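Same order as they appear, the protein sequences are chains A and B.
Under this note's numbering, the letters of the first sequence match residues 4 to 155, in that order.
Under this note's numbering, the letters of the second sequence match residues 195 to 552, in that order.
Keep in mind that the hints were calculated from the coordinates and are not lab data.
Everything numeric in this text was worked out from a predicted model, so none of it was measured.
Here a beta-carbon is modelled for each residue, glycine too, at the ideal position from N, C-alpha and C.
A partial selection of chain B residues facing chain A, derived with a Cβ cut-off under 8 angstroms: (1) E215; (2) E220; (3) Q256; (4) S285.
No more than 25 angstroms apart at the CA atoms, straight line, and that leaves these computed lysine to any residue pairs for SDA-like: (5) B/K218 / A/V64; (6) B/K445 / A/Q99; (7) B/K218 / A/T113; (8) B/K445 / A/Y96; (9) B/K218 / A/G103; (10) A/K55 / B/L253; (11) B/K218 / A/D42.
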Amino acid sequence: MECGVLLSIRRLIWVIFFGLLTVNAGAGSRTLVLVVRADSKLVDLDSLAVRKLFLGLPVLVNGSPLHPVRNRSDADLDPIFLQEIVAMSQSAYDRQTLIGVNRQGWLRPTEATSVGELLNQLYADPNAVSFMWLTDVAHNPKVRVIRVLWGD
Amino acid sequence: MRFGRLLSLALLLSWQLARGEPLKYEFLLLPSAEGAGTFDRTVPDTQIHAAVVQADVLLTLQQGPLKLFSEYLLSNHEGDLERLQLGWQLSDDTVIWLGRFHEPGSVWNHDHHHGQYLQTSITRPAIEEWEDLGGVLPQHFTGVLVESGADVLNGRRLRMALAGGIAPQITEEGLEAFDLIHPDTDSRHQLGFQGRLSLHPNEFSESGAGLLLADDELTTVGLIEPAAATLDHVHLRLYGLFATYAHADWKVTATIYAADGRMYYTTHRHEDSFSVGYIQGEYRFAYDLTGFARWEDSIGAASSEYLKLFDRFARARQVAGLRWDFAHRQALTVQFARTHTLEGQYSDIRLQWSAAFF
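Turn these sequences into a full structure, and let the hints steer you where they fit.
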């Protein structure tokens, strides 16, 4: 019972959070959010873990590795990805991922070139993690927002 | 053969445990083509190939925490399965591997492996050379490798690796690693153990410093040189220190190895020791040009009985060159080197194209 009340409060907080963000988005600003499939076991991911994930390093949840999907559906996302998520230049990012594959057999993030393709990858894999404009995901019940990554 | 069965069993068991997870893969091709010429030569044979065209192929298959990682090198001179590792990702920081791997006690090879594109210079330091190219230290082992890391001292990163497995053996042609695909029935391979510990400013930094330890039992097979014919095995202990400093356009790497060898002949035992070190500096200029220079030297190499088993070993070498990165993940490199072996000296000049394709 107590658990149910806590769950309801949590949902309410999310509704308020989304509402505020959506209002903000409607006013012309843009917000980038980290997203997973709605039933994903992932609850939270700090910025260091997000950086590790998109550099191809293993990040596990309940013993299973997460699968990063780089959103390349919008050219505006690339500089934000490099500056805010992996914090390095494109050439350094290329080199870092190459080194990871060569030394450890790490997997590079897969890429999606359209929102539809990205959503399909998220729907198909409960361990997939990506980032999207909030406006692309705000009313989608199949996708859950983990955190805000960037806002202008 | 027994190891092959064990690997198959582990693969089957791990696959059962990872069932239900999506299968992911990664493919990387590292091709290169190189031409070389020698001059000012006082040694009868440098063993430098005039032309080498090679493709280094890496493939990772991953299902949940289970990974199968392989590296195959194909060239106009050889075709070898260099790495074949079955891994289990225990946590974000720890992975345990079973199979054929590059020993973690080699600083250069742990960083670069076989792909030419990821190393700035065309050649590797002589002390880090592969067994089948005249290398004097074991590089390929078949066994267990555990790699781990931990955050320590306010965000600094401690990296660790421990390994144990079947060590190479010494033949008339040099060191010969255990062949996982075609294991010799008459081989005398023994075991070797290695450890590596290093500290880095953070998880993503190339800078860092560390130490290495290795303890390898190297048996001999079919030595016919009179001085070595009665050698049964060598117990080789290796101690190493290394440091890398990478900052903006600069990168400097320095490594020193000290080796203690006990050489067991049928009639007596010989205590042997030598030290080898190198330092390489790189500077990135404008227009994607990178200049590099390396100095390799040794102490006690000329008097080492162990090193006399490898007459091509370079006891000292000076290397300088220039690399140009162009297009997308492609590079042209020109390199000059002056080498002093145990038998004489020579100079060589090389030109190489290298690339990386996903």
